[in-house]
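> If you want the building blocks of each chain, they are given just below.
Number of protein chains: 2
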Amino acid sequence: MLDRIFGTRRTRQFQRILRNGKVTLLCLVLTIVVLRGNLGAGKFGTPEQDFKEIRETFYQYRGKRAEPRRVLEELQTTTEQTASSTSNNYAEFDINKLFVDEEEDVKKNPNEPYSLGPKISDWDEQRGEWLKQNPNFPNFLNANKPRVLLVTGSSPKPCENPVGDHYLLKSIKNKIDYCRVHGIEVFYNMALLDAEMAGFWAKLPLIRKLLLSHPEVEFLWWMDSDAMFTDMAFEVPWERYKDKNLVLHGWNEMVYDQKNWIGLNTGSFLLRNCQWSLDLLDAWAPMGPKGKIRDEAGKILTRELKDRPVFEADDQSAMVWLLVSQKDKWASKVYLENHYYLHGYWGILVDRYEEMIASYHPGLGDHRWPLVTHFVGCKPCGKFGDYPVERCLKQMDRAFNFGDNQILQMYGFTHKSLASRRVKRTRNDSSNPLEVKDELGLLHPAYKVTKVSSSS
Amino acid sequence: MLDRIFGTRRTRQFQRILRNGKVTLLCLVLTIVVLRGNLGAGKFGTPEQDFKEIRETFYQYRGKRAEPRRVLEELQTTTEQTASSTSNNYAEFDINKLFVDEEEDVKKNPNEPYSLGPKISDWDEQRGEWLKQNPNFPNFLNANKPRVLLVTGSSPKPCENPVGDHYLLKSIKNKIDYCRVHGIEVFYNMALLDAEMAGFWAKLPLIRKLLLSHPEVEFLWWMDSDAMFTDMAFEVPWERYKDKNLVLHGWNEMVYDQKNWIGLNTGSFLLRNCQWSLDLLDAWAPMGPKGKIRDEAGKILTRELKDRPVFEADDQSAMVWLLVSQKDKWASKVYLENHYYLHGYWGILVDRYEEMIASYHPGLGDHRWPLVTHFVGCKPCGKFGDYPVERCLKQMDRAFNFGDNQILQMYGFTHKSLASRRVKRTRNDSSNPLEVKDELGLLHPAYKVTKVSSSS
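Heads up: the protein sequence lines correspond to chains F and G, in order.
So the numbering used here is basically just the index in the first sequence, starting at one, shifted up by 10.
So the numbering used here is basically just the index in the second sequence, starting at one, shifted up by 10.
Worth flagging that the hints you see were computed from the coordinates, not collected in a lab.
Note that the coordinates shown come from a computational prediction; the quantities given were computed from them, not determined experimentally.
Worth double-checking, as some hints may not be accurate.
Identical copies carry no separate label here, and so any pair may be met within one copy or between two of them.
Stated by the list, open to error - In silico BS3-like pairs for lysine-lysine, Cα to Cα no more than 30 Å straight-line:
| id | residue 1 | residue 2 |
| --- | --- | --- |
| 1 | 393 | 434 |
| 2 | 343 | 269 |
| 3 | 142 | 458 |
| 4 | 167 | 107 |
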């Protein structure tokens, strides 16, 4: 009909204008929709106002890709190339975009001797006074149980390889589980407190800071991120160490006689909160500052210790050296423990898990059922480890599951196999769950009980 | 000279044999070295024997790539292609090799109605009796403070994208910090207890299992892995909920009047350990079983609730529907809290952090300083989120640092900026650390004190 009024050519022009107009209108609407979504909610003073904004931005995007957005995505891919900053696809995202350009720290004066902090000589007195003033924060939770803080951590940067962070995550879950069962608090560090003491030395400033900030803590338990608990039932024999200030896994002969650099392991150790420990940290630290000091110290350690390869000074070798060279000063308060695996080298443990399950039970803590399986050398957060990757990761999964089974059994589950992420029931649920026997006694263990004197 | 004795051709043959022989010998030696390293330690009975094996395997590989191994690596790259299972390079490793082929679960009878477990009708009595028998595991830590278990978790598989696990790690560190300060225990779940209730529904079987296994727990606090604490000083007002059994962030009008699917949020909520809660879980669960039930239930929810997009039934929509359709049964014990951000939608919070720092202080918990910033829709563990990746990750870093600063300030540090992983000092160390003012009172807060009656 329009043809007759306006003529065919004009009608077609008109129809084309109409069509284009519809497309233009659609684009306009969608642009507004996108802008509203991406601008966020702006500033609002009341929850009601907040909510309006929530509603507007939220239900356009939440859930399974509501219609307007799907159309928009298609538009985006078919029109000009979108800036990658608007991409919702994690696979396309370059993580390096998140790294803020940060200046190097100002170099310290190399002639100034390194110090962990101002010298403190009366910490036992300061701490004792504080404990007296603060009976609500006792350093012993019951007669046999000191207050313990387990300290671990990792870099604030994503791991250099994709699976590294996944294993760090499993490792901290593992520690959370053990510590919850045993009434131990956890501190996960991701801050480099002192740039000079980067890498394995970073634990020293951190430990000192935590001891001084938490006088209620009796023992600080340092544990590497590549160490996992594999005996959830083993309680550390605290009474054994009542006259000791430092407990590490190791052998007296290997340290004091052989001066072997792996005569002890600093990947899992207990340090009492006292003046002696502050002094030890001060004596331990000097080989740590990175650069010339650490490099030169490394050469000394390689020369002085048995079988040590050539590399910069590490905290473990330095501890061996410290104990050997200043034995009279430190040894009487150091316990080198080898009757259970406060640290257990993974290489000799992981292939025996099935054997352990067949022959033994949790609670032994030693070679029969190791307290800790420590994946030294695997370095899953880096690019390159000291062992084949497949072996490391498979064994870390097995160790994790071996420990996790002891947690799951409290709830009537277990992993389908030591290699499997999946779980299966070990018993049916009951309508009287509190009558079900707690086989390992981990649900409500005696050592978790806090008995402090009541106050009003 | 050999020429003259044996002739040129034979001499050359002989020389060639010698050369090949040397190479053969070298290969043989190196093969033995590698085999010894890779076979591990085998079985040993005593720590001394363990140690010998440690020494042999250990110092060949630990440290900065000792010589024999470097030669071996070069040989490996230049000779035939090595099996990737021996590679020490994480970048070359295909994570899928670790996935055990696992069969699908046997499908349940679709006609059999879903059940979270055997019906329990006397849980208050069972639990009350248990608490009486176990005074060492009280459900209140002091007059105002119930025993709380914070429950969170993630998939046992690595995230589909490289950075996902790193953000899960930061998120759990964040939760560990808040909970340590507030005397709350943490349970990190990585087990799928019921394959029918996968995805967002997995929390239901888990919550039920934990309530029934831990009668000492008064409140279970579920928190999504994409939610972070941003007010480390805010203590939940437990007395406000003394007559309530379920506390969620939300608005009464939006739920009961509008039936809006985002009228409440199930990403962070409190559930009391009692019969009412078991009944609620039973009433909540039926829309969850994956497949036909969940899909059909999704359609019902989209139809019945305001503004809900089309997708399978989710636990949050189902909760709205449950409260609306059975209001008389549940509402009197449900508290929809909006005076602080028990859940805080990230979109309206993250751009205001600097403003908050300038104008307010921790401890408020609300829009001025939100208790929780919840990154709904970001899905950093998946391939594709509902928002641009860069915005999500940058803001998650900022939220993490915003919360982390409140932890670090206890120790005299802070992040260099909300975007920076690095930290700087806010004060010099002191030789009298216990006299330093604890600005936010987080080091030894009153609400963390456990006051239980003493026993012998």
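> None of the hints should be skipped; say for each whether it holds.
Status of the hints after comparison with the structure:
no.: 1; hint: 393 x 434; verdict: between (35 Å within a copy, 28 Å between copies)
no.: 2; hint: 343 x 269; verdict: within (18 Å within a copy, 67 Å between copies)
no.: 3; hint: 142 x 458; verdict: both (23 Å within a copy, 18 Å between copies)
no.: 4; hint: 167 x 107; verdict: both (13 Å within a copy, 26 Å between copies)
Taken one by one, the earlier hints all hold for this structure without exception.
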